[in-house]
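Enquirer: One-letter residues, chain by chain:
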Amino acid sequence: MKCILNTGRTVPQGASVEHKGADVYRTIASSCFLNPVDMMILGIEDGDRVRVTTSAGQIVLTARPAEGVARAEIFVAIGPYANHIISSETHGTGMPDFKSQRVDVEPTEELLKSVGELMEDIGGLRYDHT
Amino acid sequence: MIIHDVICPFCGCLCDDLELETEGGKIIKVQNGCALAESTFMTDTRLPAPIRRTETGWEEISYNEAIKETAEILQGADRPLLYGWSSTHGEAQSVGVHIAELIGAVIDNTSTVCHGPSILAIQEVGHPGCTLGQVKNRADVIIYWGCNPIEAHPRHMSRYTTYATGFFVPDAQRERTVIVVDTRRTDTAGIADEFVQIEHGGDYAVLSALRAIVRGKASVIPAKVAGVSKEQLIRIAEICKRAKFGAIFFGLGLTMSRGKYKNIRNAIELTDELNRHTKFVISPLRGHGNVYGSNEVFTWMTGYPFAVDFARGIAFYNPGETTAVDILRRGECDAALIVASDPGANFPRAAAAHLAKIPTVVIDPHMNATTALARIHIPCTAAGIDAAGTAYRMDGVPIRLKKVIDRGYPDDAEILKKIYDRLNGGKGP
Chain A
1 MKCILNTGRT VPQGASVEHK GADVYRTIAS SCFLNPVDMM ILGIEDGDRV
51 RVTTSAGQIV LTARPAEGVA RAEIFVAIGP YANHIISSET HGTGMPDFKS
101 QRVDVEPTEE LLKSVGELME DIGGLRYDHT
Chain B
1001 MIIHDVICPF CGCLCDDLEL ETEGGKIIKV QNGCALAEST FMTDTRLPAP
1051 IRRTETGWEE ISYNEAIKET AEILQGADRP LLYGWSSTHG EAQSVGVHIA
1101 ELIGAVIDNT STVCHGPSIL AIQEVGHPGC TLGQVKNRAD VIIYWGCNPI
1151 EAHPRHMSRY TTYATGFFVP DAQRERTVIV VDTRRTDTAG IADEFVQIEH
1201 GGDYAVLSAL RAIVRGKASV IPAKVAGVSK EQLIRIAEIC KRAKFGAIFF
1251 GLGLTMSRGK YKNIRNAIEL TDELNRHTKF VISPLRGHGN VYGSNEVFTW
1301 MTGYPFAVDF ARGIAFYNPG ETTAVDILRR GECDAALIVA SDPGANFPRA
1351 AAAHLAKIPT VVIDPHMNAT TALARIHIPC TAAGIDAAGT AYRMDGVPIR
1401 LKKVIDRGYP DDAEILKKIY DRLNGGKGP
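Residue numbers (the numbering used here), protein chains in the order written: chain A, 1 to 130; chain B, 1001 to 1429.
Quick caveat, the hints were computed from the structure, so don't treat them as lab data. Think of the CB as a built atom: it goes at the ideal place given N, C-alpha and C, for glycine as much as any other residue. Accuracy of the hints is not assured; some may be wrong.
[Unchecked claim] Short derived list, chain B residues pointing at chain A, Cβ under 7 angstroms: (1) R1052; (2) T1054; (3) T1056; (4) W1058; (5) A1152; (6) T1323; (7) D1326; (8) A1351; (9) A1369.
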């Protein structure tokens, strides 16, 4: 399903932002909020996983229903999961398209990655400390 | 011990009425704060010591060793990038600018991926703003556009707008009209008197339509603009024109979506238009506790608020070229110093990935996603918790952050001064 990815702050994201190695942060930052009608069309339930693909890459997220999200839009809290698939193009402004990335959403059985794994995918090495 | 009038350093509200209870060098209770404040003060987990990445893993090193190696990395770089700065005090920010000037680095702060576009618009058409005290005491119409203060600035509405008792607005909940404009029906939208749900990317068109209506040109507006009915637009324009004092607050819904700084310019020009009828102001809701301070410090020291490039020996500013995401995307910098921020989590992957390819040093109280990409991470004090210093609230009011406990960590300004001294042959900034 073609959608627009919108990102933003949430209270749980802010409250756990200094604990990026913790499971609670992973759960919050990897939640993908969809309109319930879109979830029905995709044939997925609350807690199922989706693969979200853009020209910049793909990521597995956990689907969550949210009435407030418009059809054909998804919302993900700002953080390493959303940024894994956002293009670094800034159109000469310095600002990437954090709120208007075109994405393709499909159901998947693949597993979620941890923040450490996402950083290791780009050449990092996690340091375990929560 | 109870400490009164504590400032929460988390978001740009810098709420200054918290009460903290400490016992045995630990904070055990936070009163008056929101959930973000409580987590900031209560669940503060630091790295115990500086760490360095080796070929096989991580090792703890001394502060002296970490500082020496950081200075060597910066000294040896042709195009270093110094990025972050928004979650620390002005004292550390100013040493950062001195280092940038000394070594010909690019220095950028987190407004580059936050309200940088707002600054570009303000540089084009100015900023008709005011302090939050004015809004609290006078504003009877509040517009939240492309922002969700219930989630991002949880006490903004209770301290300054919707629920705040003001001198000229004694019965806030009845006397203030709150309008929320967003693509999402957020929790903030749920308590609005008028919620305007616009189609994605439609902000510019809706702002232009409102400008036309306020100018008396409603006849040129079609029946719907970006999903918003003409009737609602006319109703909103009338509410604004009838206001005694209106205040627009906007967030990243305007700065990050299509049009970017042109959206803000249009919103400022709508404010200008409304000032032909009544008093109206507009201000960004700034995110990080001291991001406004980084703009202030950079501006008074270099003339520019962010994305300052000293490679020519003088300050040069060209957002889109000298901004951190662009420099990283182009793979241009060959070393990075990241202070009080987390580009590993908050930059697009391709930009963050470059940090792992070059020697990157992080100076931050907490382990974050960038730690994994770094060669060295140096833990330090957290401004407003175990370090005092100056921060600027989102409306430009400087507030002195308090040191409420001592945790035995060095202040990041001190660490940066030592790095500067090493780079400058022992002479301080």
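Enquirer: Indicate, hint by hint, whether the structure satisfies it.
Expert: Evaluated hints:
For B:R1052, the interface hint is violated, since its Cβ never comes within 7 angstroms of a Cβ in chain A; the closest pair sits about 11 angstroms apart. Violation of the interface hint for B:T1054 is found here, the shortest Cβ-Cβ separation to chain A being roughly 10 angstroms, above the 7 angstroms cut-off. With 7 angstroms as the threshold, the beta carbon of B:T1056 stays out of range of chain A, its nearest partner Cβ sitting at about 10 angstroms, so the hint is violated. Hint on B:W1058 holds. Least Cβ distance to chain A is approximately 5 angstroms, under the 7 angstroms limit.
Annotation: B:A1152 was flagged as interfacial toward chain A, and the flag holds, the nearest CB pair being 4 angstroms apart, inside 7 angstroms. Taking 7 angstroms as the C-beta cut-off, the interface hint given for B:T1323 holds, the closest approach to chain A being about 3 angstroms. Given hint, B:D1326 at the interface with chain A, holds; its Cβ is 6 angstroms from that chain's nearest Cβ, closer than 7 angstroms. About 4 angstroms separates the beta-carbon of B:A1351 from the nearest beta-carbon of chain A, less than 7 angstroms, and the hint is met.
For B:A1369, the interface hint holds, since its Cβ comes within 7 angstroms of a Cβ in chain A; the closest pair sits about 5 angstroms apart.
Violated hints, listed in ascending order, are 1, 2 and 3; each of the other numbered hints is respected by the structure.
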